[in-house]
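Starting from the known structure of chain A, arrange chain B on it as the hints suggest.
Given next are the chains, with one letter for each unit.
2 protein chains.
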Amino acid sequence: MQIGLLGYGTVGKAFHALSKEQPALTVKTLLTRRPRGTGCRETDSFADIVNDPNIDLVVELIGGIHPAYEYISAALRAKKHVVTANKALICAYYPELVQLAQENGVCLRCTAAAGGGIPWLSSLSRVARMDRITAVEGILNGTTNYILSEMTARNAAYGELLAEAQKLGYAEADPTDDVEGYDARRKLVLSANLAFSALLREQDIPCIGISRMTVADIAWARERGLVWKLIARAERRGDAVSAFVCPTLFPASTPESQTNGSANLVSLYAERIGKQSFSGAGAGGWPTASNVLADCLEIADSSRSFYSDRPAAPLPIDNHGEVKTWLFRSYGRYAVRQETAADAFEAYAAVSEIDSGALLAHLPWGML
Amino acid sequence: MQIGLLGYGTVGKAFHALSKEQPALTVKTLLTRRPRGTGCRETDSFADIVNDPNIDLVVELIGGIHPAYEYISAALRAKKHVVTANKALICAYYPELVQLAQENGVCLRCTAAAGGGIPWLSSLSRVARMDRITAVEGILNGTTNYILSEMTARNAAYGELLAEAQKLGYAEADPTDDVEGYDARRKLVLSANLAFSALLREQDIPCIGISRMTVADIAWARERGLVWKLIARAERRGDAVSAFVCPTLFPASTPESQTNGSANLVSLYAERIGKQSFSGAGAGGWPTASNVLADCLEIADSSRSFYSDRPAAPLPIDNHGEVKTWLFRSYGRYAVRQETAADAFEAYAAVSEIDSGALLAHLPWGML
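Chains as they are written, first to last, in our numbering: chain A, 1 to 368; chain B, 1 to 368.
Isolated chain A (complex conformation) (with noise of 0.2 Å):
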């Protein structure tokens, strides 16, 4: 399958890198105002993409709403699979696009539009085929779930954790979209849009996001054992969807809770099978770009005739001692944590050494 790739970013780099390992992949030309020595034809119009007729697929990875909607749009219409990690644009056009590719007998995903590198709209989908999703809910924002992370862990305050994650390259110059909860609203709407076959509009849905928080609130919410996340959640209600973006307490112990830094963690409710939650990188180059590319598997796909194709080895089992000391050290790591430090000191000395016969006395059962 010959892509036409559109832009060259952090992820449409890492794209190009995981498309070279992929037999029924090739990037043929790719869109770019400057030279990227890429190998592959670059071009700065559209044109030499749109109008090739050995490109299959259209992977759009510039960003924005224009010229990326006009791009795609012309690339459905000239029978093209599209691609897309632009959450904006589906959102903003979400019935055009959708209708656009049926009429045009074309493929259209998103996956990385929502959850970076998590197979969340693909799993969402494939539920949502054969039973009733009841709500979806989660922490979509990887830029918000650092700063708050960072509040809880450091006392420290908004603003300047705010700079902070600008600096690192977590935040954009404009927050706005992030810190305000709009990006995660735009993530909501694809997720309940494919959740409840609904069509949602952004403005439509209240939201709330983490910009006047203080480190007052955060402390408060310690004191009481509880942690701050910013969840985007819609649950169908008969003819009608209940949707929100807000800030949500989580007692500390809770997955939610746990989330930290710019992970993601998002779930769907269903009737028959109850509950799923999948979390992992929200963000980031090769974490988007593997959903990218899973997008342009699927549509590549012919039926495979197992999981995978690649041969198998008889790989043997060599477990270097270590299901023998597995106890131990789970055994070991935590004592270290919560014993006295006498006893920590013993049983670390003892974990160090790898010394089974006096760790072995020290085991709550004899099962070795």
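Note that these hints are calculated values from the structure, not bench results.
Quick caveat: nothing in here was measured; it's all calculated off a predicted structure.
Don't be surprised by glycine CBs; every beta carbon is placed ideally from N, CA and C.
It is possible that some hints are incorrect.
A short, non-exhaustive set of chain A residues, derived as facing chain B with CB atoms under 8 Å [said to hold, decoys possible]:
1. Gln166
2. Leu168
3. Asp204
4. Arg237
5. Ala252
6. Ser253
7. Pro316
Positioned in the frame of chain A, the structure of chain B alone reads:
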């Protein structure tokens, strides 16, 4: 796509019900020893299925090694696709069955064989195609997790809870496969084989179950803020694999510790995309059947144009006042748990009345 269904137990029945909602799938013939009144053709002879040129796909849900192996082999040789939930069989004849599928140019899938309704094997194979997976690890057996969870929660003895699990249908009359870790080990073999393109054999993998755990072991862990979980783990190490099944200690606040009852939680670690975790119901008719159905749909799919081709509706947003009360409820709910009785009463009263004015005064920051 016409299906020959083998078996009509809990999963078979659920699968049959789910398949009726799928226009692309029809169960044409059911293999069953006694009449089931399903409306499709019912037979007690597999020949009626394997010799029927109109059946494209055989779904094997009878379990056990024989005659399931002979049936599946014959179906693949007759160039019919095969979907199964039979981990014991796939594990025992992995290389033979994968090769048979490849030689005959048909599909073999077994996503329901590990993780019940969680899209684990399918997600794993998806990541394995584009990244180097370094480890797979998780809670993959619901029976042992139920027993360990209840031992932890109720301070009850292993034997007592095993008997209870048997009564509730969570454990077999002969519980050996579950409690000695063999079931988890089979799921580990399938996971590791897909993750590492390997051909591991169950009998090579060390396996420690939970049958010798005592109330004292659980108490010992609890005193230290720890929880026992039966973990199956495989890690790629050069040209070998470190793999085992073993009870493991986790701090009480980790996602593993909070995976209770018959739930599963399983993670992959990959070089470029990092860690991804998946959780949900690890067993049960509907969840397991949903993964069987997903495999069938994947095989039946010619590319859909969007994730779903179902028509979408512009559902209205109706939050039933929930956004305004979400923060209040969030606050109130945990206040009830965390505060003194007097505080709790006050907060609870305010929440129950959904008296915005009164609660607003309690809120940590004045957002609304």
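Taking the hints in turn, this is what the structure says about them:
{"no.": "1", "hint": "Gln166", "in the structure": "violated, 23 Å"}
{"no.": "2", "hint": "Leu168", "in the structure": "violated, 17 Å"}
{"no.": "3", "hint": "Asp204", "in the structure": "holds, 4 Å"}
{"no.": "4", "hint": "Arg237", "in the structure": "holds, 7 Å"}
{"no.": "5", "hint": "Ala252", "in the structure": "holds, 7 Å"}
{"no.": "6", "hint": "Ser253", "in the structure": "holds, 4 Å"}
{"no.": "7", "hint": "Pro316", "in the structure": "holds, 5 Å"}
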